[in-house]
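Chemist: Residue numbers (the UniProt record's numbering), protein chains in the order written: chain A, 1 to 339; chain B, 1 to 339; chain C, 1 to 339; chain D, 1 to 339.
The set of hints was computed from the structure by calculation and includes no laboratory data. Beta carbons are placed, not taken as given, at the ideal position from N, Cα and C, and that holds for glycine. One or more of the hints may lead you astray.
Unchecked claim - DSBU-like mimics (lysine-lysine), calculated; alpha carbons at most 35 Å apart, straight line: (1) LYS78/A - LYS336/D; (2) LYS105/A - LYS110/C; (3) LYS142/B - LYS56/B.
Said to hold, decoys possible - Just some of the chain A residues that point at chain B, by a computed CB distance under 8 Å: (4) GLU127; (5) THR161; (6) SER165; (7) VAL187; (8) GLY251; (9) VAL264; (10) ALA291; (11) VAL301.
Listed below, chain by chain, are the residues.
Number of protein chains: 4
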Amino acid sequence: MQLGMIGLGRMGANLVRRLRQAGHECVVYDVNADAVAMLAAEGATPADSLEDFAAKLTTPRAAWVMVPAGLTGDTVFKLADLFESGDIIIDGGNSYYRDDIHRAKALSEKGIHYVDVGTSGGVFGLERGFCLMIGGEPDVVKHLEPLFATIAPGVDAAPRTPGRSGAPSQAELGYLHCGPVGAGHFVKMIHNGIEYGMMAAFAEGLGVLNNADIGRAAAAGHDAETAPLADPQYYQYDFDIPAITEVWRRGSVVASWLLDLTAVALVEDPELGSFGGRVSDSGEGRWTVLAAVEEGVPAHVLTASLYERFSSRGESLYADKILSAMRKQFGGHHEKPST
Amino acid sequence: MQLGMIGLGRMGANLVRRLRQAGHECVVYDVNADAVAMLAAEGATPADSLEDFAAKLTTPRAAWVMVPAGLTGDTVFKLADLFESGDIIIDGGNSYYRDDIHRAKALSEKGIHYVDVGTSGGVFGLERGFCLMIGGEPDVVKHLEPLFATIAPGVDAAPRTPGRSGAPSQAELGYLHCGPVGAGHFVKMIHNGIEYGMMAAFAEGLGVLNNADIGRAAAAGHDAETAPLADPQYYQYDFDIPAITEVWRRGSVVASWLLDLTAVALVEDPELGSFGGRVSDSGEGRWTVLAAVEEGVPAHVLTASLYERFSSRGESLYADKILSAMRKQFGGHHEKPST
Amino acid sequence: MQLGMIGLGRMGANLVRRLRQAGHECVVYDVNADAVAMLAAEGATPADSLEDFAAKLTTPRAAWVMVPAGLTGDTVFKLADLFESGDIIIDGGNSYYRDDIHRAKALSEKGIHYVDVGTSGGVFGLERGFCLMIGGEPDVVKHLEPLFATIAPGVDAAPRTPGRSGAPSQAELGYLHCGPVGAGHFVKMIHNGIEYGMMAAFAEGLGVLNNADIGRAAAAGHDAETAPLADPQYYQYDFDIPAITEVWRRGSVVASWLLDLTAVALVEDPELGSFGGRVSDSGEGRWTVLAAVEEGVPAHVLTASLYERFSSRGESLYADKILSAMRKQFGGHHEKPST
Amino acid sequence: MQLGMIGLGRMGANLVRRLRQAGHECVVYDVNADAVAMLAAEGATPADSLEDFAAKLTTPRAAWVMVPAGLTGDTVFKLADLFESGDIIIDGGNSYYRDDIHRAKALSEKGIHYVDVGTSGGVFGLERGFCLMIGGEPDVVKHLEPLFATIAPGVDAAPRTPGRSGAPSQAELGYLHCGPVGAGHFVKMIHNGIEYGMMAAFAEGLGVLNNADIGRAAAAGHDAETAPLADPQYYQYDFDIPAITEVWRRGSVVASWLLDLTAVALVEDPELGSFGGRVSDSGEGRWTVLAAVEEGVPAHVLTASLYERFSSRGESLYADKILSAMRKQFGGHHEKPST
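Just chain A, with the same shape it has in the complex (with noise of 0.2 Å):
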């Protein structure tokens, strides 16, 4: 079937790919005409305005907007202004499941329906497809499954569960209708939150392996502000993180593809000296911890793997310098200077 695709970087431009793979006809439109022109090269049919956009889908239209998050509120809203009643927008981007509901409302006077779509798989999807999260009306979900079902990585992807047999449903080919809409960004979210605390388990534990030769560290002199290590031959450790990544990839209680990219990393970074440490955090993980507080469901860990993200980037120097301050006062302590 027919799909317009808007935003046509990293994500969009492999979506259309893998559809068009599939035999499917897409338009495409970016505000980067040679992002246009590439993918028009590669067999697509380009739009070089959102009108021209428009007039070049089939009614009922199907777009799939797939641009930055600011930016995906404007798009939608122009898009509907040159849309008609019975056509749909899919928000395949990285939105907030509340604006979801919003847009949804405020389309749907129009007549136009809305569809939200959380996607995974990073770069890598192109080939191995994306699993994807969506909300919205019954009917209009089920009208776009030929779309899903390509895109989705299909059943063989992963061995079945067992207990699941007979013909293998929609999860188990990848992609699940979750609810009304927002449901598919909301279980996006949780998906990405939980995506955090599995990266800072693994960030932890490896940081916990590269201190373990702490023990062979000369002794530091003995002062009031630091307690000195009470075992150093408890520390003695050099331990080769990337072949220890390695080994738990088989056999082990934690191989996870998260394992196998950090993996890879260590191959391609053994001492990882590309990186500042710097780590952005992209919303999921913020909109996730808000859930869980309205809820009133703990969430420790996904949210020290967020606050960790933020101190990552210095956030927590305010703080720091309040509890420096305090110890001056009460103990005379001057900070020691960094060595």
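Here the structure of chain A is known, so what remains is to put chains B, C and D in place on it, guided by the hints.
Modeler: Below, chains B, C and D without anything else, positioned relative to chain A:
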């Protein structure tokens, strides 16, 4: 080659089976004679006492101890009394790596070698192979390598990491000599610490999904103790969590063996009615935190995942009572009854 | 000067009493006629309806709303319907500062001024005075200053901070105009967030003291699920926690009003037998976390203290069941029964 | 009565002064002869060697050791060599309570008594008195009680707790015999753990206040890495944090000595420009976490406050690099440069 196995529980028995399938000879012993008889029926050489066990092993002996954590030390030392210089004792259980250091030192006085092996793979190891993390003297570990290579999953258990080519390294075969005595259990300790963190990430995230229908609950009465949910319209989702864990298995960033297992568990018991939510912890998670603290490395996520297990068993009750007592004092707040 | 008070619960009634003791005139209203009658008996001017309340106030009217959080918005808007341009409505409850911004904007269309006041002091405020954090237009706040100065504790309530001299500042008198509308409740929100963190610090620390006799427990049986306590000789203390909280009150770094209250609570109920350990949370702790997340500032401690309250009410149960379900899958671990 | 003091740093010197003001006799020694001379000039009896120190003390000797943590053990054992059966050695420093247990056992073989005293009060102790937490044999502690009563602040240092009447208890006088050897430092350890948590609560809360103007920052460009701040209108506050800490000192629930000190620090240096934010930790915080873990008691807040100090010193760098490396692998995300 020949290996003696002491402790024929789930793990020990499967190690023996995996070794024997590859043609190694196994002498087996357990305090439970039935366990010995079962493996003897499968072709292993039975021993009916530690003395008999020692006598049936060819020098230089190699014995693998796979008994509950609290019994490992006693077993190792009893065996050492029966062994001779040049023999090897392998601790394949979940020992604290510091105990390895102490034991190895004690055994070295008699010329007996000590090797510590962290073993991951759970109940699936017989089929998948076990991931082995090994500490000990280089030549001793090298001597045992045929056994380790058999027990480990082998290179085909996972796609090779891009950048790794030629003959597979130890790590790619699924076992790794991590360093001197204790190094194997140190790495296993961190592995389990990471496992705790990953498990908590999934558990917390699914917990937030599970409560996403909170906006449907009848509006709670207004009182000074509880803030009403500001926006119930955002919490109207009734998610199919078994399907969500299934869809994440294909193409998503959180794909992992732990996710696979969660999906299985949710097929078996979709409402988790067979669980009470009292979560055990068995040592490595605690030791990981101790190491982080002694090394001065932050481990928010790994620690929180451990503490959540403590809380699941009611261990925060006293602290919670203190909080209620304080609230009563300063605000006259009385505890709200459970509803 | 004159002030109207709506809401004569614990806090509202004590505010009226404190104002009247200093000679201010108070018009009082509550849906509970008994509460009105009680304060009328003490000399306040009673009102038997909102209309009566508005009528008895001299223009420009000043009315303080002190009702449960969930009712504040309605009360403010009903009152605004009866008030005129130039009148002032003060929200002294625990409102979300964002609601202040919305309400002030709505009221400004009618020329009515809105002032938000965060009030701390609990049940002791009548005697000690209340700490006031104020947001609103500068001249309006200035107009109300005689009331704030009366309600606040005054400079003598604490020794002056070294470096502050001359006429006491507002802050030293115990009230502070913190900024534009919402600023008062923002500062109160953070105040309560800090309060949660301090309370949790005490609760957790006392929890560790309380369990310091764990080494005396009969050694648990050896099994694969639980690591035995390595060094029971270090956990043989039977601490007198009421005495410990008392001794800390004099000369120690943790001396604080919360410690004083904890000491009182432990004199009243040394074993805390009257508490079940279900700890409420009333909004500010949650909003503090939301602010930290939106600002991108780490708040590990404040957030953990909130989540511990959630856990105390059983809200981690689903996550805990997930953990047990995972453990059963990979390790065949069955839950240990509660003992 | 007579007391010997070894270690005439800030704390040791002030203890001597406080004892002498009350008429006790003090023999003093320090490796720094100037420190000895200064206290001799104030009337203490100087010693120029440990031997001289031991000789000038009347049997049964009582000596208080107040040296840096790393030197305490050596000092205690050197002193024990010079002392006789019946003499008493008091460790008033910040020792690990387990070291107390070991030392007391070693000294008991010679008949020397060991008393551990946790001392809180910081640089203000000379004037305010020190809060003393004491472990040791009952009759030995009783023998030393005149010294403890002098050092402690006395009952008038705080209003009596309602419910306590009659002759003040030890705890009300500001010192407490907490239990057998090690009990004093155990309680001091937890005290400091709580102190860490309280400090972090203030630091984090003030950090959120400090960033409450984030909505004023020029809107960041739209990119896929960062979610734009959804509602900048809610973060327009420019708070006067010195004034806020001042106003909380009177009447609020967070009133505390740590708040008093924070207010002082912010008068001295309102922008905290003299601090770099590298926060030391000196042992007790770490030991508190170890105790929580070994006891199986959750301590989210106390642990997070410790880890934040580690992070303030850059100890999360490796973990943060791992996170960036993972993000690059799965998402092609490159680190954003510091701006």
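Chemist: Classify the hint on VAL301/A as holds or violated, based on whether any CB of chain B lies nearer than 8 Å to its CB.
Modeler: holds (4 Å)
Chemist: Sort out whether LYS56/B lies within 35 Å of LYS142/B, counting only the CA atoms.
Modeler: Roughly 23 Å between the alpha carbons, so the hint for LYS142/B and LYS56/B holds.
Chemist: So, as I understand it, the hint says VAL187/A touches chain B; can you test that by seeing if any CB pair is closer than 8 Å?
Modeler: holds (6 Å)
Chemist: Take the C-alpha atoms of LYS105/A and LYS110/C, compute the straight-line distance between them, and say whether it is at most 35 Å.
Modeler: holds (31 Å)
Chemist: Checking hints one by one. Is THR161/A an interface residue toward chain B, by the C-beta closer than 8 Å rule?
Modeler: holds (5 Å)
Chemist: Tell me if the straight-line CA distance from LYS78/A to LYS336/D falls inside 35 Å.
Modeler: holds (30 Å)
Chemist: For the hint on GLU127/A, does the least C-beta distance to chain B fall short of 8 Å?
Modeler: Not OK, violated: GLU127/A not within 8 Å of chain B, min 10 Å.
Chemist: Holds or violated: is the Cβ of SER165/A closer than 8 Å to a Cβ in chain B?
Modeler: With a closest approach of 10 Å, the SER165/A hint is violated.
Chemist: Tell me if ALA291/A is really an interface residue toward chain B, meaning its C-beta lies closer than 8 Å to one of theirs.
Modeler: ALA291/A check passes; min Cβ-Cβ to chain B is 5 Å, inside 8 Å.
Chemist: Quick one, is the VAL264/A hint okay against chain B at 8 Å, beta carbons?
Modeler: holds (5 Å)
Chemist: Should the hint that GLY251/A touches chain B count as held when the rule is a Cβ pair under 8 Å?
Modeler: Since chain B brings a Cβ to about 4 Å from GLY251/A, closer than 8 Å, the hint holds.
Going through the hint list in order, the structure does not satisfy hints 4, 6.
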